Every structure is written in C-alpha cells, then in structure tokens.
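If you read the sequences in order, they're chains Z and P. Residue numbers for the first sequence, in this note's numbering: 3 to 158. Residue numbers for the second sequence, in this note's numbering: 2 to 377.
Keep in mind that the hints are not guaranteed to be accurate.
[Said to hold, decoys possible] Now the stretches of chain P that chain Z is said to cover, found in silico as 3 or more residues with beta-carbon under 8 Å:
no., region
1, 47 to 57
2, 106 to 119
3, 243 to 253
4, 265 to 272
It is worth saying that the hints were derived from the structure and are not from the lab. These numbers were taken from a predicted model, which means no experiment stands behind them. In this text, a Cβ means the ideal position worked out from N, Cα and C, and glycines have one as well.
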Amino acid sequence: MKVIFPSLEFFRALQTLMQSERERFKRLGYFDTTFGVRVLDGPRAHQYVLRFEVFECTEVRAVNDLGREAVDFILEGELAAWVEMLRNIRQHGAADVTHSINTLTHLGERMRVVYDDPDGHDKLYRFAESVQEFIDLAAKLEIEFPQRSDTAHAGA
Amino acid sequence: MSYLSTIDFFEDKDFIDKYQYTLRTGELDLSWMNAATEKVQCEPQNARRGLTFRDCDVGSYGFTDMPELIRQNRSFAPRGAEIPAGVPDLQAEVNRKSEVWAYNIEGYYEEAMSRQWNATTDVPWEELRKYELPEAIGKAYSQLLTFLTEVEMIATDVPAKWMGRLNADFFEVKNFIATQAMDEARHAEVFRKRALTTGWGLMRASKANECNLKFLRDADSFAEASLTLHLQAEGMVLTLFRFSELISPTEVDKKMFRLVMQDEARHVGYGMQHLKWVLDHFPERREIIHRHLDEAENFVFGGGYATEVLEPFIILSGKGMKKENIEQGLKITAQFNLKQIDEYFERLDKCGLPERRERSKLALAMEMTRAVIAAQ
Numbered sequence: 003m004k005v006i007f008p009s010l011e012f013f014r015a016l017q018t019l020m021q022s023e024r025e026r027f028k029r030l031g032y033f034d035t036t037f038g039v040r041v042l043d044g045p046r047a048h049q050y051v052l053r054f055e056v057f058e059c060t061e062v063r064a065v066n067d068l069g070r071e072a073v074d075f076i077l078e079g080e081l082a083a084w085v086e087m088l089r090n091i092r093q094h095g096a097a098d099v100t101h102s103i104n105t106l107t108h109l110g111e112r113m114r115v116v117y118d119d120p121d122g123h124d125k126l127y128r129f130a131e132s133v134q135e136f137i138d139l140a141a142k143l144e145i146e147f148p149q150r151s152d153t154a155h156a157g158a
Numbered sequence: 002m003s004y005l006s007t008i009d010f011f012e013d014k015d016f017i018d019k020y021q022y023t024l025r026t027g028e029l030d031l032s033w034m035n036a037a038t039e040k041v042q043c044e045p046q047n048a049r050r051g052l053t054f055r056d057c058d059v060g061s062y063g064f065t066d067m068p069e070l071i072r073q074n075r076s077f078a079p080r081g082a083e084i085p086a087g088v089p090d091l092q093a094e095v096n097r098k099s100e101v102w103a104y105n106i107e108g109y110y111e112e113a114m115s116r117q118w119n120a121t122t123d124v125p126w127e128e129l130r131k132y133e134l135p136e137a138i139g140k141a142y143s144q145l146l147t148f149l150t151e152v153e154m155i156a157t158d159v160p161a162k163w164m165g166r167l168n169a170d171f172f173e174v175k176n177f178i179a180t181q182a183m184d185e186a187r188h189a190e191v192f193r194k195r196a197l198t199t200g201w202g203l204m205r206a207s208k209a210n211e212c213n214l215k216f217l218r219d220a221d222s223f224a225e226a227s228l229t230l231h232l233q234a235e236g237m238v239l240t241l242f243r244f245s246e247l248i249s250p251t252e253v254d255k256k257m258f259r260l261v262m263q264d265e266a267r268h269v270g271y272g273m274q275h276l277k278w279v280l281d282h283f284p285e286r287r288e289i290i291h292r293h294l295d296e297a298e299n300f301v302f303g304g305g306y307a308t309e310v311l312e313p314f315i316i317l318s319g320k321g322m323k324k325e326n327i328e329q330g331l332k333i334t335a336q337f338n339l340k341q342i343d344e345y346f347e348r349l350d351k352c353g354l355p356e357r358r359e360r361s362k363l364a365l366a367m368e369m370t371r372a373v374i375a376a377q
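Sequences are here, hints too, so could you generate the full structure?
Right, dumping it as structure tokens:
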C-alpha cells in the first residue's frame, strides 16, 4: 500500500511498523518523549505530534499549530529536505552519513530542531537511536511524494 | 588492613559455645522476624515499564519524604531497614540530600538501565571494511578519538570516586552514578576500539585537556564535581558528540556517536535536575557555584582550544587539508564552538542561573568567535 508524504497516514504507518518490531525497540530501551514534526510547504505547514511511551509510539495526530502543543522539541524542515531524507532512507535501507536526523539538524541548515526548553531539546539526544530507527522504518514503506519541481529530483 | 575486628572470634569461647549450641540444638533466635519495619507490597503502576523505583517510593522505604540531613543512618543499612545497635559508622562524606539529589533521579536511573548497550556487539564493526579513509582524515579522526578516550576515562573515575562517599540512604543517586561509571567506561572502550581500527591507532594525549580533567576529578565536594562533570563538561561533550556525528566519516561512526550521545544526554539531564534541586533547596550555594564555574570555564577555554583538540575538528569538518577544506572547517568549527557555549548557557538559564551568561568570561570567547566569523 502506498502512503503519501506528508500525511497522517505516513506517520501512522511508521507507528504500525514500530509495533511490529517491538523487540528491536525494546532492545533500545525506554523511549519517553513527545515531539512534533513540521513540514514547511510554501505558505502551508503540515504538522504532527508523535508520542512515545516505554517501547511504543502511543499517539500520532495531525495538528494545526504545534506552538500550542506540549512537545519536547520539533523537527522542522522544508518539504524538499524531508523528501530528500526519506528518498535516501528508501534507497539505503536507513539514513546514510549525510541524512541522519542529527546531521541534517545540527547546524540548522537543512532542518532545524525547534525548542523552548533545553531539557526537552536534550531528549532528542537521550533517545537519538530510537528516533533515528523510527524514522528509518520509512525504508519499508512505499511512499508517494508530491509531484512538484522542487521535490521531484531531491535526493534522486 | 586498617580496620580490625575488636574480637578475635576464633579465640572467643562465648562465641564458639553459642555457635556450637545452635548447631547442636536447632534452637533458633528468630528475633529478626520481628524487625521494626513497614510491611509493604509494591506493584508496578505500568506493567509495560516493570517495577520501578517510583513504584517503590512508599513510606520509610521511599525517597520523597527523606529528610535534608541524614542523621540516623551512618551504615550500609538499606533505607527502610531496622538498624541494630553496633553497626559501624562508615563515615559517609555526603549526608545532605541537596548535595546529591536531582528531580526525577529515579527516572534517570531506570532509563539508564533500559538503554544500556554493548560496545563490542552493538556497533557494526565489520562494516568498517567498506571504508578507507584518506590519511589526513584518518589521522585527524584518530586524534579526536584519542582525546575522547582520555575524557571518558576521567568521566569513569569521577562518579566511581564519589559513589562510596555518599550516604547509603541516597540509594537512587548511588545507583545512577554507578550506571554513569559503566556508561563512561563503555565510551572509553568504544573510542579506544575505534581508534585501533583506523589504521593509525591512538595519537597524542593532550596536556591542556588533562589539566582540565584533573580539575574535574579533584573537586572539593560532590556538588562541585557534579556541576562541572555532569552539567558543564558533559553538556559541552554532548554538543561535541552531536558535532562528531555530523562530521563522522562512516555510518558505523554515526551509530557509535548516536549511542554515546544518548548516555551523555542522560548524564546532562541529571546534572541539570541536580543543579535545579541545589538552587531550590540550598540557595546559599549560588555564589560557590559561580566561583567554581569561573575556574571550570577557564580550564574549558584553555583545554578546548588546544591545537591537538581544535585542529582535528577543523580538518574533519572541512573534510581535508586543502586551503578550501581548512576554510570550510574553520567556519563549521567556529559555529560549533558558538553552539557549544550557547547551549551551556541555555541549560544554566533553565536551571535557575540566568545571570551566568553576563558573569562568564566565556561570553567574551563567543564575541571573539562571532567577530572572526563576521570577518570571513
């Protein structure tokens, strides 16, 4: 089944895949954080809240304004950067050296980590491998990306 | 052998007679069955999470109602147990809760236990065969790994040094710093192993870095050691691990740095929650904290900018030693330095020490770095 990115279905599909790989995530340890995803798409922003508890993704929902949500941090980037990252993950089975979440966000050039509370910010790093392996589950999805000139060739 | 028994049991007739009488008659004393302790039956509040310290935070066994000064227990008696007369005074050096406690300490411990990993088997070492690093990158990376191994060795020693000096009632803190000692030992292991797989081995130890590390190790109190180790040093090392993940030459290294940064971020979390606890419960320490940070930052500036520490970053982030690589490396390294110091101040601000940014000389280092970037 194809899932469209960005969409709530995409993140729900990752949630389902995580459930089916429970032992892998249990091995990584407790994963207790709630974070936001913001995909900037011209004047629009696709925004989602992902909640993780113990070894599971317990909640995925689309929201209108992440600024009003209690999240530890927000992963934010232009649609083209998200598409490039996901295509890379699909191509390699997991993010390569130039497309891990930390690499893309560290200097804030391709993507950014938005936060109010440094303690919340540090949760991205406390659970770094779990966050990366959750995003890497996208390698198992057939993803349909928007047919736009600025994303069509990204990372292809 | 500095501690001797006051009795030579092998020569004590009363003791031997009583021992033999019990074996011969089977008459048991059983007074321990009436220990004056609370009868409790703790259960997990969340079955998926298991039985946590928080679930066991009940009555005299719990930590919530623990007093600020531990006057009663000077032995190894576990908190909540009956303490018989005659247990030895172990002379714990730290008996004040606000010197060691942290908000959510029990949560950090449980997280630490569930997120342990194995440097031997969780890093895909065999995949390194796919990569061959250019000489300059290989040497710079080996130098970075040498520096990191040095750092992690002292980071193992510091919590281990303090563990036995804390009052036994600070059970959750002692257990947390035991996990930290294990984490740091694993970091020293993984960086050493990685250095020995580069083809170059270890490079040069750093005098400036070791002076800084000695300052960390020789702190006068646990509170000072924690402030500089958990919050200041590990906070900066956490930013460094994220930077190292960014400049990592292989996917194997990316994974290694993600694993170490998880542990480091947890230690920083403890450091932040500890400093918050200190400022909330022992506010008169504020000036002592500032004075300790004054010297800690002096060492940081001197150690962090030593050539054997700085130059590998420049070469690795610029991806080589050509002029254009070095120019790019200088820019990225300067950005990293700014981020490292800025995040340090952010954390102190959050802990309730917002005036540090104004008082600290590291702010001057930031201005110098910004001026250099602006001139490029």
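Honestly, which of those hints from before does the structure not fit?
Violated: none.
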